[in-house]
Structure formats: structure tokens, C-alpha cells
Amino acid sequence: MRASFIFKGLALSALTATALFGASHFGLDSALAEAGKPTDGALYLQEAATPTATELRWLHDVVMIIITAIVALVTGLMAFIFIRFNKKANPVPSRTSHNTLLEVVWTAAPVAIVLTLIAIATQPLYNQDVIPETEMTVKVVGNQWNWTYVYPDHGDFDFTSSLLPEEDAKAQGRPYLLAADEAMVVPAKTKIRVLVTASDVLHSFAMPSFAVKIDAVPGRINETWFVVDEPGTYYGQCSEICGREHAFMPIEIKVVPQNEFVAWVQTRNPEYAAAPATQQDASLTPAATGGN
Amino acid sequence: MASLYPAADGHHDDGKPAFFRRWFYSTNHKDIGTMYLWFGMLSGLIGGGLSFMMRLELGEPGIQFFTNYHTYNVFVSMHGLIMIFFMVMPALIGGFGNWFVPLMIGAPDMAFPRMNNLSFWLLPVALVLLMTSFFVPGAGADNGFGGGWVMYPPLSTTGHSGPAFDLIIMGLLAAGFSSIFGAINFITTILNMRAPGMTMHKMPLFAWSVLVTAFLLLLALPVLAAALFMLFFDRNAGTGFFNPAMGGDPEMFQHLFWFFGHPEVYIMILPAFGIISHVVSTFSRKPIFGYLGMAYAMVSIGVVGFVVWAHHMYTVGMDVDLKLYFMVATLVIAVPTGIKIFSWLATMWGGSITFAIPMLWAIAFIFLFVIGGVTGVVLAMPAVDVVLHDTYYVVAHFHYVLSMGAVFGIFCGFYYWFGKIFGVMYNKVLAHIHFWLFFIGVNLIFFPQHFLGLNGMPRRYVDYPVEFTFFNQLSTFGALVTLAGTAAFFIMLIEAFIIRRPAEDNYWGEGATTLEWTLPSPPPYHQFNTLPRIK
Ligand code: HEM
Ligand SMILES: [Cu+2]
Ligand SMILES: [Cu+2]
Chain F
1 MRASFIFKGL ALSALTATAL FGASHFGLDS ALAEAGKPTD GALYLQEAAT
51 PTATELRWLH DVVMIIITAI VALVTGLMAF IFIRFNKKAN PVPSRTSHNT
101 LLEVVWTAAP VAIVLTLIAI ATQPLYNQDV IPETEMTVKV VGNQWNWTYV
151 YPDHGDFDFT SSLLPEEDAK AQGRPYLLAA DEAMVVPAKT KIRVLVTASD
201 VLHSFAMPSF AVKIDAVPGR INETWFVVDE PGTYYGQCSE ICGREHAFMP
251 IEIKVVPQNE FVAWVQTRNP EYAAAPATQQ DASLTPAATG GN
Chain A
1 MASLYPAADG HHDDGKPAFF RRWFYSTNHK DIGTMYLWFG MLSGLIGGGL
51 SFMMRLELGE PGIQFFTNYH TYNVFVSMHG LIMIFFMVMP ALIGGFGNWF
101 VPLMIGAPDM AFPRMNNLSF WLLPVALVLL MTSFFVPGAG ADNGFGGGWV
151 MYPPLSTTGH SGPAFDLIIM GLLAAGFSSI FGAINFITTI LNMRAPGMTM
201 HKMPLFAWSV LVTAFLLLLA LPVLAAALFM LFFDRNAGTG FFNPAMGGDP
251 EMFQHLFWFF GHPEVYIMIL PAFGIISHVV STFSRKPIFG YLGMAYAMVS
301 IGVVGFVVWA HHMYTVGMDV DLKLYFMVAT LVIAVPTGIK IFSWLATMWG
351 GSITFAIPML WAIAFIFLFV IGGVTGVVLA MPAVDVVLHD TYYVVAHFHY
401 VLSMGAVFGI FCGFYYWFGK IFGVMYNKVL AHIHFWLFFI GVNLIFFPQH
451 FLGLNGMPRR YVDYPVEFTF FNQLSTFGAL VTLAGTAAFF IMLIEAFIIR
501 RPAEDNYWGE GATTLEWTLP SPPPYHQFNT LPRIK
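Protein chains in written order, with our numbering: chain F, 1 to 292; chain A, 1 to 535.
Hints in this document: simulated from the structure, not taken from any laboratory.
This structure is a prediction, so every number in the text was calculated from the model and none was measured.
Using N, Cα and C, we set each Cβ at its ideal position, and we do this for glycine too.
Watch out, some of these pointers could steer you wrong.
Stated by the list, open to error - To spell it out: a stretch of chain F is covered by chain A in this simulated footprint if at least three of its residues, at any positions, have a beta carbon under 8 angstroms from a beta carbon of chain A; those stretches are:
| id | segment |
| --- | --- |
| 1 | 52 to 63 |
| 2 | 76 to 89 |
| 3 | 111 to 123 |
| 4 | 147 to 161 |
| 5 | 217 to 231 |
| 6 | 252 to 263 |
Could you put together the complete structure from these sequences and hints?
As C-alpha cells, this is what we get:
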């Protein structure tokens, strides 16, 4: 009798867990469909493009399992209680209002979970936040309502990147509200330092698939970094409310092979003479040859 | 509205003043509580109306109505401010707090009845100031303030040169002083006016929750007031507290704001915790499990709540060790929260549960609060928050704890004490319809927003890429269901006041054990002329 109730409760929690977990994995697949960009109907994080994003995703997976289990446990317990202790099933209530052992257990269990979370979340934080030796720098300035990109290691040229208007986006088959008229271009497989500031109000420089989000604050220079292996186009959006056109200042980053990057720099800044191409990835960038 | 109050038409000779004196000069805690409840309801309609229009806008990609994008930002900001300061806080603290703290602790009234009157009447003034701001220039030629409820400078200083935001500052200062006066009143009342024999450790949990809340208000609101004054001076008196060009720092505002803002979220949820405890115990016909643990869990949530504020600021460019500290401190709050959840479950365990309307809201509260709580754990980790911060994941998270936590707590208390407050009973069928439409509706609105956030959709966006269409449509559909639920609520209300089924003194029976159930429904204008003795 009693056992069957316990069984029902457990079965219910298991069901909930499977459903939630299954859902997150269905989403995982659909999110993989396209890199660097949201997918309609996707249930999960965008595909990771940087090592820190990969690590973030791992951490989120683990935490997702833990919190799903917690929700399932509470749901299961509630279901069991409602079946077993409703007025019909249990006309005479007990008067118990203490159970020291139980109270110790349900204090200790969350403590254990919290300690586990701290243990697994600390290293990813430092990996993400502590900036390694980088190979080149891009400076990003948020303005109402566009972005200025500056390349201090490549002759300090700069340009402004605004929303690609809807008609142009349609005509070019690019995603409206994500695509910019001029992308920020960086070389693949290169550790890039990003300096972020703002000229008027707060903005936030965000690239979900890189696990990058850092506020652009007037009068302050914030720092972050990323390294992307796969060439491609990645999209983000301003992530701190900045006034009327907050939703209309996308961030587009084109990650290109090293040689294409050098060619792009030269179209931007003809005076800039690249270091002789040694084909050794990092040595191409000025930072590595003593710039910066 | 006031005529709906059942006793207002009575001619009982119990010292009730005439209409104007009674409601405008009111010093009676029950009348003031009633006014707070109606006021919260009115603000809820305004704030809810704003959110409904936002959801309609977001139902499809592209611009539907808000051709002036600034107006959308104004709606977002005003919705947040109105829901927090004019709906949840007045209903939970001013409304139920005023009504039931004195009744539960066996006091004849609040300690400072005239200050109580001032607390209430500051609020309509504040709301009028806020509403006026819609119609005066904010940013450039655009009317209203669109800087978000967090009001970060420089968008709230140089970014909004018009007077709209000055009106909001003054309105929020008025609302803040209202709350500070209220807090002083509650603390004094609870510490000094408990009936003979009612020690702190015998005091009902709702009174405990209001006591802790009042301390949070008293400590947090002055910091908000200071920050608002600084904004006001930066805007109008040429100071540069938050202006980097003058040696100030915009980030200092964020620290001040969230030093208030995080305790604020507990200010909104702790009184709901108190209500849920009573309801769960009443309908399980069992005493609360682990009473002392419950009381001190609230105290520790309140204390720790003051040292976690920068978890809202992981992306401002904070030192990494500091991020680690704020992560650890934030996660610690999961422990007392866990104690609360498990104690509610243990209160029901072994009980003889009836699923009356208030109990449905309480059960839904526990379930939804757990969901909102676990996503809070996810957001507490800076290594994950970096992708989720300022996305719809956060919108989903805080609506699960506010729009579903705090609001379900309010409805739970409303149905629990409806007969006690108004002396009439509600129609159960209508109340069921309200509950189910609301429960399904809000889940449909906010659950899909987790997916939007994981997928990267930023918040406070008037328009979004087509890649976010599906879940936004679902969410807007949920808003329609919730609207129907709200309509059911008002039909329920009107029906109850037309039919006027009289409420008994203790209509919940043996499970309801606190002092308010020893009094008639509604209680006399002045109660406890001889103080009750608690054994
Ligand atoms: C069920 C009805 C509700 C609906 C449909 C709703 C909807 C919304 C929407 C659409 C936004 C704007 C999201 C964005 O563009 O970033 C929003 C923001 C917000 N809501 Fe609600 N909401 C509801 C109830 C509540 C309640 C009860 C509270 C509070 C106690 C609340 C507090 C807030 C806050 C603080 C914000 C953030 C404002 C800001 O970003 O500055 N909402 N809500
Ligand atoms: Cu921006
Ligand atoms: Cu917080």
C-alpha cells in the first residue's frame, strides 16, 4: 500500500526529469544547426565557438541536471503528499512539528549541493575572466546607437558599424537586427584582447557564442578576450539598455583565416604593411612582433 | 470603491466616523490596510496594462504599435517600477501587513496610527508623480523615462535631459518615505505591542515575515533615497557623483542601487513566505513544521540578502575574486531557502489536506518559487551569467519569483482572508476559473522566455530578429490567457459583493489557529479592548 505510493511519487519525478532533460537535448540539437546565431524554437544555448563558451556549456549542462533533479524531487514529493495525505486518504492529521534528524538532513543536503556548485563553477570563472597573453587588440566603443571598432595594433584605424537596414538585409539574405553594415573582422586561432568603453551612455558588448559580455562604460575601459578556431560570422546584440535604438545596434564579428585578415587590414589601412608572412599563425600579428 | 466595503453602509454604533473622515483621515489599521489593497489593485491594473501592451508588441517580429521605440522603453521602465513599488509592496506589506499584524499579535492597532495614515497617503501622491512623467519630455523630444527600472546613469542623467525623470525621482522618494514610515511602524508595533504571553517565539510567522521585511526596508531604502538624491543633484545642481568627466563613476550608482535592490526582492517575497506558511498549515490541519527554523530562515535570508548585491553586476568589469565572493555568498542563500521549501512540504506531510482556493495558490507558489529559485542558482554563477545576463532568461527568472512568487502570495492571502476582510465569501467556481487561467497563463508567458534567454535574446528590446519568433508568440498567447484570468478575478470580486454571502468568524475551521480567527468577520472597528492572553 505504502510502497505503491512511494513508487508513484518516484515514477512521477522520473517522468518529469526525463521530460525536462529530453527537452533540453532536443533543443541542443536544433541549436547546433547554425553557428553564431540564434535558431527559432531552439531550447538551449547557442553553439559554443570559443573554449570558454565550451566550458560554460559544460558547466550549464551539469547545473541543469542538478536543478532539474531538484525540481523533480520537489514535484515528486508534492505529488506523493497530495495522493497520500489528502483529506480522504488521511482523515486524521498527525501533530508532528519537529524531526531533528530531518531538519539536519535538509540543511546539510543544500549545503552539499552548494559546495559542489562552488567547486565546479570556480575554475571556469577564472579561465574565462583572467586574460591570457593575447596576440592582438581591438578596441570597441559603444555609441548611441552604433559601435566603433579601433585596431590599435594595425595602425590605429577605426570604423563605425551600424545596423544593416531591413531592405539591405533582405536583399543580401542576411539576418535583420543581427547583421551590421560593417563587421568587426578578426583572425581565427588568435587570442584577441577586446577593450570596451562607451562615448555616451552604458552599452554592453555581447557575443553569446563566445561567452563574451562586458559593459561599455563611459570613462572606464573594460577588458575581455576570446579566441575562435572556426572562421565564420557570429552575431550578438547590445545588452544594456541605451535609449531609443537599443534593439538596433547589433554586433557582427567575422572570423577569417589569418591571410584574409591581413588583406582586410590593408584595404582598411593601406599604409599598414604587414609583417612578412611567415605562415606561422601568431607571428603575423604585430603584438607578437613587439607591437602593443 | 469604498462603498464595496461591507461595513461602510452599517450604522453600528462602534465609533466609525463618517465617510470622509473615515477614509481620508483614517488612522484605523484595518481601513488603511483596505485602502492599501485597493490601491495595489489599481496599480496592478496600470502596471499589468503596460505589460500587456508590451507583450502584444512582441507577439510578432517587426514593429506593431510602438513606432516611437522610446515609448516601449518607457513602458518597460514604468511597468517595473509600478509593479514593484505600487502593486506588490503596498498589497503585501501595507495591505496584509496592516490588516493582520495587529490582529495576529493581539494588538488594538498599529503603534503610530497617524504615521500609518501618512504612509498610505504618500503613495497616491507618488503614483500621480510617476504617471505624470509619461506626458512630459524625457529623452530629447520624446516623452517619459525609458531607462529601465534600475535607472542607471548616464542614461538617467545626460541621457534623459527632460523633466520626466525628475518627476520619477520625486515619486520614488515619496514612495520610499512611505515605506520607511511603514517599516518604523511595524517594527515598533511588533516589538512592543504583542498581547501578554505572546513571546517572539510564539509569534505567528506572518508577523515574523513582516518584522524581517520592515528591517530590510529600514536599512535598504535610505540607500536608494541617497542614490536618487545624487542622481537629482547630478541632473540639476551640477554635481558629478556619477559623471566620469567630473571624476565620478557611473558604476557607483549600480552598487548603491543594488545594495537596495537585492534586499528589495526579499522585501517582496518574505511577506508572501509568511502567508504561505499559514495557508499550508491551515489546509493541512497541522501546525507549521519547524517553526523556529522557519522564522530564523527568514532572518538569515534577510541578513545574507545584504551582502550579495553585486550578483546583478557580473558584467560591469568587476575583479574576478570579487565575482567569486558574490557567487559564494549568493549560493549560500539557497540553504535557508531550501529549509523553507522542505518545511512547507513537511507541514503538509502527514496532514489532512483540503484543496481549497487559498491552498491551490499556496501549492502553485511553492512549485513556481522552486523553479524561479533554481534558475537563480544558475544566474548566481558568473561563469554562466555572462551569457544569460540581460537576456530573457533573467526576465523569466524574476517573473517566476515576482510575477508568480509574490503575486501568487498576494492572491493566496487575498482568498485566505477575503471573508475576514470583507465579511463576505467568494464564489468558488469563479475563484477556480481565476486560479487555473492565471496559473496556465503566467507559465505560458514566462516558461518559454527561459529558452529565448538561453538562445541569446536580450531584454528591453522593442523588436527582435525572426530567430526568436516562436517562443515570443507563445509568450504573448500566454498573456491573453492571463488577461482572461484577470477578468475572472474581477468578475469573482463583483459577484461576491453583489451576492454578499456572509462569512463566519472562522470559516476555515480547526486548521486556522491564529488570533484573527477568534474575531467576527469582518472584525469590529476596534478590536481587543481587553487584550487576549496567550498561554
Ligand atoms: C503577469 C503579468 C506580467 C507580464 C505579462 C509582464 C511582462 C513583462 C514584460 C513584457 C517586461 C519587459 C521585458 C523586456 O522588454 O525586457 C517586463 C519587465 C519587468 N517586469 Fe513584468 N510582467 C508581469 C508581471 C510583473 C510583476 C507582477 C512584476 C513585479 C513585481 C513585474 C516586474 C517586472 C520588472 C521589474 C521588469 C523589468 C523592468 C525593466 O527591465 O526595467 N512584472 N514584464
Ligand atoms: Cu547600446
Ligand atoms: Cu539580487
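Against the structure, the hints come out as follows:
Judged by the Cβ-Cβ criterion of 8 angstroms, the segment 52 to 63 of chain F is covered by chain A as claimed, because 6 of its residues qualify and three suffice. Taking a C-beta to C-beta cut-off of 8 angstroms, the segment 76 to 89 of chain F contributes 7 residues in contact with chain A, enough for the three needed, and the coverage statement holds. Only residues whose beta carbon comes within less than 8 angstroms of a beta carbon in chain A count, and the segment 111 to 123 of chain F has 7; three or more means the coverage holds. Here's how the segment 147 to 161 of chain F fares: 0 of its residues keep a CB closer than 8 angstroms to some CB of chain A, so the rule of at least three is not met and the hint is violated.
Only residues whose beta carbon comes within less than 8 angstroms of a beta carbon in chain A count, and the segment 217 to 231 of chain F has 6; three or more means the coverage holds. Chain A is given as covering the segment 252 to 263 of chain F, and this is violated because 0 residues of the stretch bring a CB closer than 8 angstroms to a CB of that chain, at least three being needed.
Checked against the numbered hints above, the structure breaks hints 4 and 6 and satisfies the rest.
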